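> Chain by chain, the residues:
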Amino acid sequence: MSDFWSGLSGKSFMPHGHCYLWQPEVLWSQAISDVVTALAYFAIPIMLFLVIKRQILLEFRGLILLFAAFIGLCGATHVLALITIWKPLYYLDSAMKAATAAVSMLTAIKLWPLLPKIMNLPSPKAMKEANERLEALLREREAAGEERFRLALEASPNAILVADAQGAIAFVNAQTEAMFGYGRQEMLGQPLEMLVPQSARRVHGHHVQHFREDPQMRAMGAGREVRGLRKDSSEFPAEIALGPFRYEGRLNVIAFVADISARKAAEERIRRQSSDLERSNQDLESFAYAASHDLQEPLRGVLGYLQLLERQFGPDLPPKAQRYLAQSLESGGRMRALMDALLHYSRVGRPVEAETIDVMALVQEVQRDLHAPIAEAGAKFTCDPLPPVRYNTSELRQIMQNLLSNAIKFRGARAPEIHIGCRRDNQENVFFVRDNGIGIPLEYQERLFQLFQRLHARSAYPGSGIGLAMVAKSIRAQGGRIWVESAPDQGSTFFFCLGAETPASSVTQEADS
Amino acid sequence: MTSLNPPTTKQKHLLLIEDNPADVEMVLEWAQETNFPMTVGNVENGELALAELESEGAVLPDLILLDINLPRTSGLDILNTLKNNRRLCKIPVVMLTSSSAPDDVERSYRAHANAYVQKNADLKAFYKALNCIRCLFFETAILPNG
Chain A
1 MSDFWSGLSG KSFMPHGHCY LWQPEVLWSQ AISDVVTALA YFAIPIMLFL
51 VIKRQILLEF RGLILLFAAF IGLCGATHVL ALITIWKPLY YLDSAMKAAT
101 AAVSMLTAIK LWPLLPKIMN LPSPKAMKEA NERLEALLRE REAAGEERFR
151 LALEASPNAI LVADAQGAIA FVNAQTEAMF GYGRQEMLGQ PLEMLVPQSA
201 RRVHGHHVQH FREDPQMRAM GAGREVRGLR KDSSEFPAEI ALGPFRYEGR
251 LNVIAFVADI SARKAAEERI RRQSSDLERS NQDLESFAYA ASHDLQEPLR
301 GVLGYLQLLE RQFGPDLPPK AQRYLAQSLE SGGRMRALMD ALLHYSRVGR
351 PVEAETIDVM ALVQEVQRDL HAPIAEAGAK FTCDPLPPVR YNTSELRQIM
401 QNLLSNAIKF RGARAPEIHI GCRRDNQENV FFVRDNGIGI PLEYQERLFQ
451 LFQRLHARSA YPGSGIGLAM VAKSIRAQGG RIWVESAPDQ GSTFFFCLGA
501 ETPASSVTQE ADS
Chain B
1 MTSLNPPTTK QKHLLLIEDN PADVEMVLEW AQETNFPMTV GNVENGELAL
51 AELESEGAVL PDLILLDINL PRTSGLDILN TLKNNRRLCK IPVVMLTSSS
101 APDDVERSYR AHANAYVQKN ADLKAFYKAL NCIRCLFFET AILPNG
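Top line first, the protein sequences correspond to chains A and B. Residue numbers for the first sequence follow this note's numbering, so the first one is 1 and each next one is one higher. Residue numbers for the second sequence follow this note's numbering, so the first one is 1 and each next one is one higher.
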């Protein structure tokens, strides 16, 4: 063993103990001091490693490692100082000291440029103050945000309330005060039920329970209609939206309440007006129906007896009496035609069954029905491919019949040329009937579709003045439109679209096929 | 008249339930003009007609012409009563009315009317319709006995 130590030292140095003359006081105080210092110096790098491991002070990582090495080496020199008291390992000791010196120097050099940085590190006190300032700023911001939020709630046209988990009112906005007539302080902390009429409290309880079990946003209008109770005991219809509102871990409910009295009143007014209108329309229709039915009977009497008179005694009557009789019969016949037309007019436009109609086929059918006037006038028809429509067949036939016979009837000197077509306009099929007849002056075009409006002397163009009114009534009743483009001697084009029932099938597709 | 070839020689009896005197007059005139072996009875309202038909030993008509627009009880109600009566339901009923309302047509056939004919205001056309009725029910169709 002693060979090893002497081998390491190389020469036969004296142990350092000799310098202490092996005096126990000096020797042990030296030895113990070295042990304690070495232990302390070894402990410090361990702590520094822990710091680095925790990823703290990362930017000083290199320096800290150097520092750890430097202190560790210092510890090692103290261990050697301890050993050399008894064993003279001075070469090793010198090497260790040199290494320590090198690392120490390196550390000092590395530390030097960092000095200003380290000098600038805030003191813990400054750090604390800065933190406090930051917190104060955050609190201020939060308060400002809260204030803004509160202002937004206050500005809402709806009453907004927050109720806590026990159903007590925790917040109300200004509109809540206005809507319910209570002051804010009268409501805060009170049960929500104070704003619900007695009759609805049980149901309200169920709703609240239901909401607690399934706290989801319930949108305005999606919820059922409720009633609110004002301070003066009056009630009003309200619409309510609810939202869950977690605050400090507890489930609150935020409620948005809209007073819908005005809307309800308006709805009621419209409902009443439309039922009045419906009734008056019904009255009008039943009047027209009854009038034409009941007026028909006496007229039948007049015409019946006149015809019996003519049939049985006609030949015996003087010519003048025969003429009077013929005139009476003609007037009576016109009256009958008018009443028939009025009866038809009263019948169209009622809700009727709609079918899908092949308009081409229908037009051909109407042309066949009109063969006599067509032949008489020498009328020529052209017709584009027409898309099918959904409409009441009998009413569409009447519409076509009226438009086509008008086109033939109101002809000028030329033979009528009548074109029936359809164009796609704004997602609608617009049908049209164009003629080359006498046309209609602009100032009469408005009145054209009114009942009993006639533009011409009966002797020139006979008619009841009901046909176009009936056409317009039918089309408008189904939500469609009819209009005319015309000028005197330039012919007329009647356009109509049949409302929402028109199927999407487009004209161009039809034309292609 | 000699060209007529009735299936039976028995004289036909026609009952006209009608309150409009002009219509009654026209039908009577027509019956006279046609020279067909038939009698025409007229009752002005439905209740009277029913009372007569339902009385014991009444001679039942071979055909009823029934107006819809009648005082008090409507022709459609009379039709319903007739067609729900075991003894009277087999008498053919032709609705003869000035109405061409689709509702009236529909309701008549639903109540088992045998035909629906609109009274034409033109006398010649009206006579033609009456002739058609006579031709079908008295000369062509086979009617139930008694």
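Worth flagging that the hints you see were computed from the coordinates, not collected in a lab. Keep in mind that the hints are not guaranteed to be accurate.
[What the hints assert, rightly or not] DSS-like, lysine-lysine: derived pairs with alpha carbons at most 30 Å apart:
1. A:K320 x B:K124
2. A:K125 x A:K53
3. B:K124 x A:K409
4. B:K128 x B:K90
5. A:K125 x A:K97
6. B:K124 x B:K10
Computed from a predicted structure; not experimentally measured.
> For each hint, tell me whether it holds in the structure or not.
Verification of the hints:
Of the supplied pair hints, the one linking K320 (chain A) and K124 (chain B) holds, its CA atoms being roughly 23 Å apart against a limit of 30 Å. Distance restraint check for K125 (chain A) and K53 (chain A): the Cα-Cα separation of roughly 27 Å lies within the 30 Å cut-off, and the hinted pair is therefore satisfied. Note on K124 (chain B) and K409 (chain A): the hinted pairing holds, with a Cα-Cα distance of about 27 Å set against a maximum of 30 Å. Note on K128 (chain B) and K90 (chain B): the hinted pairing holds, with a Cα-Cα distance of about 26 Å set against a maximum of 30 Å.
Under the criterion of a C-alpha separation no larger than 30 Å, the hint pairing K125 (chain A) with K97 (chain A) is inconsistent with the structure, at around 40 Å. Our distance criterion of 30 Å between C-alpha atoms is met by K124 (chain B) and K10 (chain B), whose separation comes to about 28 Å.
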